[in-house]
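Residue strings, one per chain:
Protein chains: 2
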Amino acid sequence: MPERPAGSATGDLGLDPAQPGAEAPRGLGLSMRDVATRAGVSAATVSRVLNGSSTVQAEYVERVTAAIAELGYRRNRLARNLRRQTAEMIGIVVSDIENPHFTQMVRAAEDAAYRRGYRLLLCNTDEEAEKQAAYLEMLAGERALGVILVPSNPAGDEIRWLLDLDIPVVAFDRSVEDPRADSVVSDGEGATRTATEHLLGAGHRRIAFLGGRTGVETAERRRAGYEQAMREAGLAPREADGDFRIEPAFAATQELLQRDGDVTALVVGNNLMAIGALRALARGGRRLPDDMALVAIDDPFWAELVEPPLTVLAQPVREMADAAMRLLFERLGQRREEPRHELFGFELKVRGSCGAAHPGPARG
Amino acid sequence: MPERPAGSATGDLGLDPAQPGAEAPRGLGLSMRDVATRAGVSAATVSRVLNGSSTVQAEYVERVTAAIAELGYRRNRLARNLRRQTAEMIGIVVSDIENPHFTQMVRAAEDAAYRRGYRLLLCNTDEEAEKQAAYLEMLAGERALGVILVPSNPAGDEIRWLLDLDIPVVAFDRSVEDPRADSVVSDGEGATRTATEHLLGAGHRRIAFLGGRTGVETAERRRAGYEQAMREAGLAPREADGDFRIEPAFAATQELLQRDGDVTALVVGNNLMAIGALRALARGGRRLPDDMALVAIDDPFWAELVEPPLTVLAQPVREMADAAMRLLFERLGQRREEPRHELFGFELKVRGSCGAAHPGPARG
DNA sequence: CTGAAAGCGCTTACAG
DNA sequence: CTGAAAGCGCTTACAG
Numbered sequence: 001m002p003e004r005p006a007g008s009a010t011g012d013l014g015l016d017p018a019q020p021g022a023e024a025p026r027g028l029g030l031s032m033r034d035v036a037t038r039a040g041v042s043a044a045t046v047s048r049v050l051n052g053s054s055t056v057q058a059e060y061v062e063r064v065t066a067a068i069a070e071l072g073y074r075r076n077r078l079a080r081n082l083r084r085q086t087a088e089m090i091g092i093v094v095s096d097i098e099n100p101h102f103t104q105m106v107r108a109a110e111d112a113a114y115r116r117g118y119r120l121l122l123c124n125t126d127e128e129a130e131k132q133a134a135y136l137e138m139l140a141g142e143r144a145l146g147v148i149l150v151p152s153n154p155a156g157d158e159i160r161w162l163l164d165l166d167i168p169v170v171a172f173d174r175s176v177e178d179p180r181a182d183s184v185v186s187d188g189e190g191a192t193r194t195a196t197e198h199l200l201g202a203g204h205r206r207i208a209f210l211g212g213r214t215g216v217e218t219a220e221r222r223r224a225g226y227e228q229a230m231r232e233a234g235l236a237p238r239e240a241d242g243d244f245r246i247e248p249a250f251a252a253t254q255e256l257l258q259r260d261g262d263v264t265a266l267v268v269g270n271n272l273m274a275i276g277a278l279r280a281l282a283r284g285g286r287r288l289p290d291d292m293a294l295v296a297i298d299d300p301f302w303a304e305l306v307e308p309p310l311t312v313l314a315q316p317v318r319e320m321a322d323a324a325m326r327l328l329f330e331r332l333g334q335r336r337e338e339p340r341h342e343l344f345g346f347e348l349k350v351r352g353s354c355g356a357a358h359p360g361p362a363r364g
Numbered sequence: 001m002p003e004r005p006a007g008s009a010t011g012d013l014g015l016d017p018a019q020p021g022a023e024a025p026r027g028l029g030l031s032m033r034d035v036a037t038r039a040g041v042s043a044a045t046v047s048r049v050l051n052g053s054s055t056v057q058a059e060y061v062e063r064v065t066a067a068i069a070e071l072g073y074r075r076n077r078l079a080r081n082l083r084r085q086t087a088e089m090i091g092i093v094v095s096d097i098e099n100p101h102f103t104q105m106v107r108a109a110e111d112a113a114y115r116r117g118y119r120l121l122l123c124n125t126d127e128e129a130e131k132q133a134a135y136l137e138m139l140a141g142e143r144a145l146g147v148i149l150v151p152s153n154p155a156g157d158e159i160r161w162l163l164d165l166d167i168p169v170v171a172f173d174r175s176v177e178d179p180r181a182d183s184v185v186s187d188g189e190g191a192t193r194t195a196t197e198h199l200l201g202a203g204h205r206r207i208a209f210l211g212g213r214t215g216v217e218t219a220e221r222r223r224a225g226y227e228q229a230m231r232e233a234g235l236a237p238r239e240a241d242g243d244f245r246i247e248p249a250f251a252a253t254q255e256l257l258q259r260d261g262d263v264t265a266l267v268v269g270n271n272l273m274a275i276g277a278l279r280a281l282a283r284g285g286r287r288l289p290d291d292m293a294l295v296a297i298d299d300p301f302w303a304e305l306v307e308p309p310l311t312v313l314a315q316p317v318r319e320m321a322d323a324a325m326r327l328l329f330e331r332l333g334q335r336r337e338e339p340r341h342e343l344f345g346f347e348l349k350v351r352g353s354c355g356a357a358h359p360g361p362a363r364g
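Residue numbers (our numbering), protein chains in the order written: chain A, 1 to 364; chain B, 1 to 364.
Please keep in mind that the hints were generated in silico from the structure rather than gathered at the bench.
Note that this is a predicted model, so its numbers are computed, not measured.
Among these hints, one or two may not hold up.
All copies of an identical chain are treated as equivalent in the list; a pair is satisfied when it fits inside any one copy or across any two copies.
What the hints assert, rightly or not - Under the rule of at most 20 Å between Cα atoms (straight-line distance), these lysine to aspartate or glutamate pairs were calculated in the EDC-like manner: (1) Lys349 to Asp290; (2) Lys131 to Glu88; (3) Lys349 to Glu319; (4) Lys131 to Glu98; (5) Lys349 to Asp164; (6) Lys349 to Glu189; (7) Lys131 to Asp111; (8) Lys131 to Glu239; (9) Lys131 to Glu220.
I would like the entire structure built from these sequences, with the hints used as guidance.
In structure tokens form, the structure reads like this:
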């Protein structure tokens with residue numbers, strides 16, 4: 001019935017036109033119309049069956065289901081997306097997928113999305129405002145259902161565009177400027193304050209801080225907590241910038257050891273920088289915890305593996321990811337209008353690297 | 001690059017040239033028609049300008065560009081997708097995104113995709129055939145451009161469906177049954193053979209193998225290499241199943257120590273199981289490398305961090321990911337019909353855990 | 001080079 | 001409950 005002119009879009013797809021006698025490739029180039037014809041109903045009814053509309057007669061449901069099976073028909077989601085003006089996918093925009101902190105977050109988000117029948121579009125921005133803009137614009141053009149965003153540029157116009165399109169945005173780890181977005185962040189200030197106070201309590205005075213990139217909210221918050229604790233103790237802060245990454249942290253730590261050789265303790269702003277710092281310390285012949293005490297933010301799976309195991313401040317990543325997804329789904333379900341902001345606390349896990357009396361977890 | 005209209009390398013990521021005018025005329029509900037009217041041209045011309053068609057008069061280009069900026073118009077990709085019968089996205093289906101091996105691979109793939117203006121749809125199967133089926137069907141329905149697949153079920157019908165739709169599939173890490181798919185795998189057999197021979201060369205005789213799930217191709221290949229090396233040395237293999245995951249590996253190692261207490265060396269089948277084994281060894285009071293020598297497959301970033309640093313067989317993940325993307329793009333560019341299979345070798349990196357004389361990398 | 005027109009394959013008011 | 005029809009917003013032969 002629906003004659004397809006040669007060279008139509010079907011042809012472009014490289015689909016073989018049905019050859020008489022030859023076994024037709026199942027489900028290719030079929031539309032609801034074909035199923036409808038086969039089942040002796042209208043395309044609308046096929047659509048209703050596929051969408052689980054409860055109003056369709058049982059007999060029709062059966063006939064349509066049978067026809068779909070016989071034909072091997074599979075719905076073209078592209079058409080559905082256009083018609084509904086949404087692709088059922090959630091954008092997840094992180095600054096560095098290789099950072100275990102975000103890997104864990106992505107994993108938890110994937111779980112939650114899959115359970116609800118949505119897909120995840122993974123975007124990695126490398127902390128570049130330009131990549132963030134490109135990805136968010138794409139997500140807007142594609143009419144994503146919602147976006148979980150670790151903002152590289154919290155003030156980006158693209159964030160506004162998404163919100164304008166009624167696409168909910170949940171800021172993760174750092175907040176964004178637009179007040180309409182939800183957010184899920186952790187109390188980095190409290191974390192470094194706790195870390196610093198823990199080291200102060202152990203008698204350290206010359207405590208340095210290895211922080212992230214200036215201007216990044218998370219970095220600033222963590223720096224602030226350290227500075228407060230030091231100031232309250234009447235001590236001078238000593239800081240180095242490790243850019244939240246391994247290599248810069250390695251270099252910054254080496255430089256710090258050169259510059260402030262008398263430092264006895266280090267607060268490290270995230271797990272990636274801890275790796276860099278550990279390497280630099282080893283290279284410099286400083287042994288943990290005696291030559292240098294160390295407390296790190298984040299609790300990656302390898303923190304217990306190193307010798308001595310790392311004393312850390314752990315954030316509840318999984319719960320945070322779940323919270324972000326929950327906030328998103330509340331919006332999708334129109335169950336909420338006003339923005340919500342959730343703050344999560346860190347947990348101090350004392351292990352060996354801070355020099356506190358505590359048996360390593362590994363010795364039986 | 002035949003199928004993509006002229007444009008900058010990364011410029012076509014859906015980055016429609018809407019300028020962030022401060023007065024934000026929300027580009028909602030605007031269509032090309034509106035832009036066309038404003039610019040005094042046809043919608044077709046607007047489309048051509050947006051797609052970088054070189055045939056449009058310079059003056060029209062200017063007028064259209066201006067109209068787009070004034071209106072704050074942004075293209076609806078949903079319509080474009082339907083019309084072109086493809087969403088410009090690549091599905092990437094892995095068994096465990098939290099495994100650093102796959103994280104690295106995903107990262108490299110994202111890089112390559114972004115450079116070419118494509119997006120990545122991340123799917124995590126947890127080694128479940130059902131999740132693989134659900135994701136691949138979705139990818140087919142959404143007319144993904146192509147799929148990189150770490151198969152949980154290499155014989156799944158959904159793989160055939162994708163190929164039937166002319167959606168190229170590149171099997172990664174393990175091959176799939178359908179002969180039309182490309183593949184990028186590493187020589188796991190050679191890797192465990194090398195590992196075992198290295199330990200044999202160091203004088204070990206009672207060498208055990210901690211392997212992955214029975215039936216998974218990668219696991220079987222790695223097991224085979226170990227068994228061959230043992231057999232050739234006239235020794236009896238001793239094996240444990242750690243399911244490629246941390247916890248099962250921990251349990252399996254504990255059981256192994258119980259059962260075969262006299263084992264002096266361990267070949268571990270992947271990086272996740274190495275973590276489990278390390279924990280079990282520590283718990284059992286066995287020190288590396290004296291009480292137990294260890295060689296692991298994979299070279300995650302933490303392998304150098306543990307004490308002693310791990311002797312490993314590293315696979316060139318980044319190159320493998322690049323190869324997979326290259327194979328995919330060759331298909332998209334219609335530059336190849338016949339399937340291609342690429343095999344990558346491992347590199348032995350002798351560090352401390354095998355007991356071989358070698359200075360740790362960290363001591364200055 | 002440009003425009004008018006067809007159509008991608010669904011979904012969904014609307015009418016019966 | 002069901003079908004005919006409109007239409008989502010693009011792209012692209014086709015004709016001029």
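Check your understanding: Any hints this thing doesn't respect? Which numbers, in order?
Key -> Hint check: 5, 8 and 9 fail, others pass.
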